[in-house]
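Produce the complete structure using the sequences and hints provided.
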Amino acid sequence: MSESEYKLSIAQSLIGRDKVSRRDFIHLGLATGLTVAAADKLFVSTARAEPLQGGFAKLGMAHGATTDSIDPAGYPDTFTQTAFSGSMSNSLTEVDAKGNVQPDLAESFESSDGAKTWAFKLRKGATFHNGKNVTADDVVASLRYHMGDETKSAAKPLLEPVASIKADGPETVVFTLKSGNADFPYIMSDYHLVIMPAKDGKADWGSGVRTGAFVLENFQPGVSAKLKRNPNYFKNGKPYLDEVEFIAITDLAARMAALSTGEVDYIGRADLKTLGMLKRNPKVEIVEVTGYGHYTLPMNVTVAPFDNPDVRMALKWAINRQEIVDKIFLGHATVANDNPIAPAIKFATNPQPQHSFDPEKAKHYLKKAGMEKLKVDLSVADAAFAGAVDAAALIRETAAQCGIDVNVVREAEDAYWDNVWLKKPWCASYWSGRATADWMFTQAFAADSSWNESFWKNPRFNELLVQARAETDEAKRAAMYAEMQQLTHDDGGSIVLVFNNFVSAKSSKLAHGEVAPNWENDGLKMAERWWIATA
Amino acid sequence: MNPVARTVLQRLGLGLVTLFIVSIIIFSAIAMLPGDFAKAMLGQSATPETVAAFQREIGIDRPPVERYFVWVGQMLHGDFGSSFASRTGYRRTVAEIIAPRLYNTMFLASMTALIAVPLALGLGILAALYRNGWFDRLVNAVTLTTISFPEFFVAYMLAYLVISRDTFIGSEFAQSLPHWLAVSLNWILNAVPKFPTLSNVNDQTPFWEHVWRVALPAITLTLVIVAHMMRMTRAAIINMLASPYIDMARLKGMSPMAIVLRHALPNAWAPIVTVVAFNLAYLVVGVVVVEVVFVYPGIGQLMVDAVKSRDVPVVQACALIFAATYILLNLTADIISIATNPRLLHPR
Chain A
199 MSESEYKLSI
209 AQSLIGRDKV
219 SRRDFIHLGL
229 ATGLTVAAAD
239 KLFVSTARAE
249 PLQGGFAKLG
259 MAHGATTDSI
269 DPAGYPDTFT
279 QTAFSGSMSN
289 SLTEVDAKGN
299 VQPDLAESFE
309 SSDGAKTWAF
319 KLRKGATFHN
329 GKNVTADDVV
339 ASLRYHMGDE
349 TKSAAKPLLE
359 PVASIKADGP
369 ETVVFTLKSG
379 NADFPYIMSD
389 YHLVIMPAKD
399 GKADWGSGVR
409 TGAFVLENFQ
419 PGVSAKLKRN
429 PNYFKNGKPY
439 LDEVEFIAIT
449 DLAARMAALS
459 TGEVDYIGRA
469 DLKTLGMLKR
479 NPKVEIVEVT
489 GYGHYTLPMN
499 VTVAPFDNPD
509 VRMALKWAIN
519 RQEIVDKIFL
529 GHATVANDNP
539 IAPAIKFATN
549 PQPQHSFDPE
559 KAKHYLKKAG
569 MEKLKVDLSV
579 ADAAFAGAVD
589 AAALIRETAA
599 QCGIDVNVVR
609 EAEDAYWDNV
619 WLKKPWCASY
629 WSGRATADWM
639 FTQAFAADSS
649 WNESFWKNPR
659 FNELLVQARA
669 ETDEAKRAAM
679 YAEMQQLTHD
689 DGGSIVLVFN
699 NFVSAKSSKL
709 AHGEVAPNWE
719 NDGLKMAERW
729 WIATA
Chain B
902 MNPVARTVLQ
912 RLGLGLVTLF
922 IVSIIIFSAI
932 AMLPGDFAKA
942 MLGQSATPET
952 VAAFQREIGI
962 DRPPVERYFV
972 WVGQMLHGDF
982 GSSFASRTGY
992 RRTVAEIIAP
1002 RLYNTMFLAS
1012 MTALIAVPLA
1022 LGLGILAALY
1032 RNGWFDRLVN
1042 AVTLTTISFP
1052 EFFVAYMLAY
1062 LVISRDTFIG
1072 SEFAQSLPHW
1082 LAVSLNWILN
1092 AVPKFPTLSN
1102 VNDQTPFWEH
1112 VWRVALPAIT
1122 LTLVIVAHMM
1132 RMTRAAIINM
1142 LASPYIDMAR
1152 LKGMSPMAIV
1162 LRHALPNAWA
1172 PIVTVVAFNL
1182 AYLVVGVVVV
1192 EVVFVYPGIG
1202 QLMVDAVKSR
1212 DVPVVQACAL
1222 IFAATYILLN
1232 LTADIISIAT
1242 NPRLLHPR
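In the order they appear, the protein sequences are chains A and B. If you read the first sequence in the numbering used here, its first letter stands for residue 199, the second for the next number, and so on. If you read the second sequence in the numbering used here, its first letter stands for residue 902, the second for the next number, and so on.
The reader is advised that the hints may include incorrect statements.
[What the hints assert, rightly or not] In silico contact screen, one side only, chain B against chain A (beta carbon under 10 Å); selected entries: (1) R993; (2) A996; (3) I998; (4) I1089; (5) V1093; (6) N1101; (7) Q1105; (8) V1193; (9) F1195; (10) Q1202.
[Said to hold, decoys possible] With a straight-line Cα cutoff of 27 Å, these simulated DSSO-like cross-link-like pairs (lysine-lysine) come out: (11) A:K296 - A:K330; (12) B:K1209 - A:K424; (13) B:K1153 - A:K707; (14) A:K471 - B:K1209; (15) B:K1209 - A:K481; (16) A:K424 - A:K330; (17) A:K674 - A:K314; (18) A:K364 - A:K424; (19) A:K707 - A:K424; (20) A:K565 - A:K477; (21) A:K655 - A:K565; (22) A:K481 - A:K471; (23) A:K314 - A:K622; (24) A:K471 - B:K1095; (25) A:K400 - A:K322; (26) A:K571 - A:K561; (27) A:K655 - A:K559; (28) A:K322 - A:K477; (29) A:K481 - A:K426; (30) A:K364 - A:K330; (31) B:K1209 - A:K622; (32) A:K436 - A:K621; (33) A:K481 - A:K655; (34) B:K1095 - A:K621; (35) B:K1095 - A:K477; (36) B:K1095 - A:K424; (37) A:K525 - A:K573.
These are computed hints drawn from the structure, not numbers from a lab. Every residue, glycine too, gets a C-beta built ideally from N, C-alpha and C.
Laid out in structure tokens, this is it:
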């Protein structure tokens, strides 16, 4: 390293602390042989790597309705989830950008009795927005809000495995589960399960008093929510922004226009079709991350012809997934391999062989099933996922080359989930994904799940599911989950087409670290994690 | 009895009957919608128990006839009921949900009317004055063009114009043009004020900022409604100009402008006012598309939202407000036509 290069690296380390100006840095850069543009770029990227305090960000959300409420029993879409759960509140745990569970309001957690008993120790000094300390009683009341016969919470099934919750002193909460679950801390990160102050033993959601990085200032359902920084937030230095405003912009074109004209600094769910035009704007950057969400085509394995594993296999080889990614999702998705566990999730494997379009293999399995020709109905609507109808049209073309006649039935969008999903033998479906393999398998593949969309009841799979859940030896668990993923890949009734990307766009003045894949908008926590860079 | 007072009372009575019939139609139409609020609210994660708990709380487990009479009864007491989005202990009344939205809608409608009505009347009078001349043809061509485009197209084009203000000079299209043309086009674009493409306002928005924020929606709506009113003004005046008393005025030596303003226009009010009332009603009840494009929180978007989530009390209240708006504006138009027509005002 030459002397000037050394000086440059020192200068680089000083940028975030406001010790070196942009002009001085560029001078140093020129001395080391960098061009002005390159030195400037280096300055900007380094400056952005260090979070800066202050500023006001306007965030355009793709959802928002007049029925929205701060009640955590609801939170139907990204507006309420990001503004109220992610920015204003905390759960006991959170999922980081690497997909690992981390303590949030809890300081630590440990299990005993084969992962059947879980003790969460609360963070010392964490307070609610009104200054009250967070105690174990608040946690118990907040979680009980989602349990019992009278609750209207969408998170009720999540807490079904919990037998009892009790406070053990003011700082510890003990959960007893009906059966062991090594992934229980992940479930506690769910965006519904935020901690609220207890009032007369009941969770008080209506006051809007929470523990999070921001305090609610003004909320107009379906229009906007304005929040200001919580100066007493328990995470050091966070949040960076002084104020955020979430704006509901449900119209796609309006959202793109609002970012282009600088009316907002960020938009969720950018329009893939006009993304190219947006990229031309030098003040705009695209934020793209492959999430856990995936699009599936579940086959009901209890009815003919899908009860024959060879027919299922033939169909799995008769679909050109790459073409679907390229043509329908314009490249903003990742080819999936009939395994619902996204690559970013712990214990994810890629079962072999990779299922791709191969007419020879499809015909081979068809012959093995004792058929020359096959005719099946595929029920789709764009209510399942945007592009489902077009994807089905592509599948019809490729399947025809394999001797399979796929009859695409266009279903009504309204009440699709009531009338088609779980009712028609082969249809399209969407999963936003879950943070752990166990969670995903338990909800969509377990024999007794009401959402087992392919009615698949593989004895070995279900045996492994229960075993793996209570197993605390990481290596053994990994082996079990690998076998289960292989089983869904080879024998399962769900064709997992693609993992969809979260595509959003932001103004170049907003900066962020690694973006979490567990939910949209940086794991719903963008307000807490992002900052405004000087550049 | 004064004929104006009689007509007003008669019309008000008829209006109430109409409202009553409308209420029955609204209620049965909504009862026939597939799906229900509890399911729409809970989405994919609805379980039979949570749905049942929800339905009990908002009272949609009771028979429809009972629900209708409860609703009408409340309405007669001036109570629009509670939104289904209410929760135990946190009632959200329909009135408090609708009030700010109705204010926003009225704000946009008034602002558009303040621009569009004088503009349309002025253009219509001038077009009648210089009928069949180049001015008449130009005004007709332009207004007919803007009314022919769907409103969302006009809205997006205006938004695009504002975006182009900043991005035009860097675009490939601009670079393919001769330099002088690109520069002058850019100069023209920069003369366009930087209107906000996002008209989101809330109850804390100051008055003048509110005015500024709704500039683009107001211009869009003006472009959409001006043609209708302008053409009616022109036609009504031209119609009058063929009358013998106009010939008399002309023989007296009055100037054409004075003839139009003092003799033709007062007799042409009736058809003009009817068309103006029709367009004003449209500004209140029919602008949902423009609201969506510019993200303006008006009552149209509220109603669409409420239909999507099956928030029945809000849908019903919106529909009734729309019906009442039509009835009242038509009534006003009739009164103005009578008041401006001496033959109707003083019948023999």
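Taking the hints in turn, this is what the structure says about them:
no.	hint	result
1	R993	8 Å, holds
2	A996	14 Å, violated
3	I998	6 Å, holds
4	I1089	18 Å, violated
5	V1093	12 Å, violated
6	N1101	6 Å, holds
7	Q1105	7 Å, holds
8	V1193	5 Å, holds
9	F1195	7 Å, holds
10	Q1202	7 Å, holds
11	A:K296 - A:K330	33 Å, violated
12	B:K1209 - A:K424	25 Å, holds
13	B:K1153 - A:K707	72 Å, violated
14	A:K471 - B:K1209	26 Å, holds
15	B:K1209 - A:K481	36 Å, violated
16	A:K424 - A:K330	23 Å, holds
17	A:K674 - A:K314	18 Å, holds
18	A:K364 - A:K424	35 Å, violated
19	A:K707 - A:K424	20 Å, holds
20	A:K565 - A:K477	49 Å, violated
21	A:K655 - A:K565	25 Å, holds
22	A:K481 - A:K471	19 Å, holds
23	A:K314 - A:K622	38 Å, violated
24	A:K471 - B:K1095	26 Å, holds
25	A:K400 - A:K322	22 Å, holds
26	A:K571 - A:K561	9 Å, holds
27	A:K655 - A:K559	25 Å, holds
28	A:K322 - A:K477	45 Å, violated
29	A:K481 - A:K426	26 Å, holds
30	A:K364 - A:K330	20 Å, holds
31	B:K1209 - A:K622	25 Å, holds
32	A:K436 - A:K621	48 Å, violated
33	A:K481 - A:K655	52 Å, violated
34	B:K1095 - A:K621	52 Å, violated
35	B:K1095 - A:K477	22 Å, holds
36	B:K1095 - A:K424	24 Å, holds
37	A:K525 - A:K573	25 Å, holds
Of the numbered hints stated above, those contradicted by the structure are hints 2, 4, 5, 11, 13, 15, 18, 20, 23, 28, 32, 33 and 34, listed in ascending order.
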